[in-house]
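Chemist: If you're matching them up, the sequences are chains A and B in order. Everything in the first sequence is counted per our numbering, starting at 1 for the first residue and increasing by one. Everything in the second sequence is counted per our numbering, starting at 1 for the first residue and increasing by one.
If you are wondering where the hints come from, they were derived from the structure by calculation, not from laboratory data. Even for Gly, the Cβ is constructed at its ideal location relative to N, Cα and C. Do not rely on the hints blindly, as some may be mistaken.
So the derived list for chain B, only partly shown, Cβ under 7 Å to chain A, looks like this [claimed, not checked]:
id: 1; residue: Gln104
id: 2; residue: Pro107
id: 3; residue: His140
id: 4; residue: Arg143
id: 5; residue: Thr144
id: 6; residue: Ser147
id: 7; residue: His150
id: 8; residue: Gly151
id: 9; residue: Asp154
id: 10; residue: Leu155
id: 11; residue: His158
id: 12; residue: Gly159
id: 13; residue: Leu163
id: 14; residue: Glu165
id: 15; residue: Thr170
id: 16; residue: Gly177
Number of protein chains: 2
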Amino acid sequence: MPRAGLTPALVAEEAARLSDEEGFRSLSLAAVAKRLGVATPSLYKHVDGLAGLHREVALLGANGLGERVQRAAVGRSGPDALRAAAGAYRRYAHAHPGRYTALQQLPRLAGAEPDLTTDPVRVLAAVLRGFGIPQDQMVHAIRTLRSTLHGFVDLETHGGFGLPEDVDETYALLVEGLVRALHQWPGATERTNTRRSRG
Amino acid sequence: MPRAGLTPALVAEEAARLSDEEGFRSLSLAAVAKRLGVATPSLYKHVDGLAGLHREVALLGANGLGERVQRAAVGRSGPDALRAAAGAYRRYAHAHPGRYTALQQLPRLAGAEPDLTTDPVRVLAAVLRGFGIPQDQMVHAIRTLRSTLHGFVDLETHGGFGLPEDVDETYALLVEGLVRALHQWPGATERTNTRRSRG
DNA sequence: GCGTAAAAGCTAATGGCATTAGCCAAGTGA
DNA sequence: TCACTTGGCTAATGCCATTAGCTTTTACGC
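Turn these sequences into a full structure, and let the hints steer you where they fit.
Modeler: Encoded structure:
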């Protein structure tokens, strides 16, 4: 009987796909094993149990999100960079809800840090250059940016917006509010274009 | 042998306490039964399985959060009401992390709506009166407010803020940014006090 | 008081899942 | 070719949720 030819990367990818398709809460070793045509205990040769699988999916999410946001923002600056980054952030969460959910639990699954070149936090920090925010305020501004984007995406993916009003429009308005708040951030100096990209 | 004297409300309360103390992911029928000194299947006489327990805890969270935020904001208006509400919102999430987490999943556990008089969304909507936001913009403004508060609290409680910088200060800055964004909301008319309550 | 019926708790049993131990075959390298 | 590593397997354990069905308490009508 031929071997399945699994690797840690293959297992993690399949787990990520499963959690995107069926929801992060449906992610189990048994379900991944079934999709790979293998017995559950076999997975232990490639991942460190269920916690390890969660960590791998979270890392895929962190790298994927960081990469998409970075790609969207490159070549832009100030409000334009922020709008592009915000759009990419939300699109990634829609396209990969399981990975995105896993990503939020990364701190709990200690010991593993996302790849530093695409760490989403660093990417968002880079996007904030051009707003003239003083160095000692940057941490606060980045946290505010992360909170806002994550909060919207999290409520949206959990079905928190029940009313029929256009959710895309809410997001555009939220991002514009963010642009204004960052422009007027305490100590901010530079004045850049504030025109909205969308009516 | 005497009876334990359980009721649905007692079971739900104990489950909420457990999830606050041990984390929502530790909430199980077995753990609740043990704390109540009862066999696991006995709980089925009072709650509708694990999903029902989740729903009950979520409802306790919705009512508790709505009540606290409302109490904090009553008698205030505009930015002052918003600051008070934001503070109460975050304090509730800190004091009751299990209930708060459960609350986010309410839409998934369909069929049950939080008590309308303390529905957190309605309370936050009331807080926004005084910002002069036109009716057709209110849904967007409320969603933005919810997203911002929830995003911060969610990242914070998941350990998302790793750096040592003062998280209280970040929250104060975020709330002030929110105040400015709501003042300058498209179509907003009224101009109210924007002074910060905290340096 | 008394007897009946509902309700509350129990034990037993089933099935899903994660995890560990230990076996065996398939590659791999001298 | 042969030994060793490695990937996959089965078996077994334990925890949890859930259902079925039993027993005893409690409440209530007489």
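Chemist: None of the hints should be skipped; say for each whether it holds.
Modeler: How the hints compare with the structure:
1. At a threshold of 7 Å, the smallest CB-CB gap from Gln104/B to chain A is about 5 Å, leaving the interface hint in force.
2. Interface hint at Pro107/B: satisfied, since its Cβ lies 4 Å from the closest Cβ of chain A, which is below the 7 Å cut-off.
3. The criterion of a C-beta within 7 Å of any C-beta in chain A is met by His140/B, whose closest approach is roughly 5 Å, and the hint holds.
4. Interface hint status for Arg143/B: upheld, as the beta-carbon distance to the closest one in chain A is roughly 5 Å, under 7 Å.
5. At its closest, the beta carbon of Thr144/B sits 5 Å from a beta carbon of chain A; the interface hint therefore holds under the 7 Å criterion.
6. Restraint check, Ser147/B versus chain A: the minimum CB separation of about 4 Å is within 7 Å; hint holds.
7. Residue-level restraint check for His150/B holds (minimum Cβ-Cβ distance to chain A is 4 Å; threshold 7 Å).
8. Taking 7 Å as the C-beta contact cut-off toward chain A, the hint placing Gly151/B at the interface holds, the least distance being around 2 Å.
9. At a threshold of 7 Å, the smallest CB-CB gap from Asp154/B to chain A is about 6 Å, leaving the interface hint in force.
10. Of the supplied interface hints, the one on Leu155/B holds, with its beta-carbon coming within about 6 Å of a beta-carbon of chain A, less than 7 Å.
11. About 5 Å separates the beta-carbon of His158/B from the nearest beta-carbon of chain A, less than 7 Å, and the hint is met.
12. With a least beta-carbon distance of about 4 Å to chain A, the hint placing Gly159/B at the interface is held under the 7 Å criterion.
13. At about 6 Å, the closest approach between the beta carbon of Leu163/B and any beta carbon in chain A falls short of 7 Å, and the interface hint on this residue holds.
14. Taking 7 Å as the C-beta contact cut-off toward chain A, the hint placing Glu165/B at the interface holds, the least distance being around 4 Å.
15. A least Cβ separation of about 5 Å between Thr170/B and chain A falls short of the 7 Å threshold, and the interface hint therefore holds.
16. Among the interface hints, the one on Gly177/B holds; its C-beta lies about 3 Å from the nearest C-beta in chain A, closer than the 7 Å criterion.
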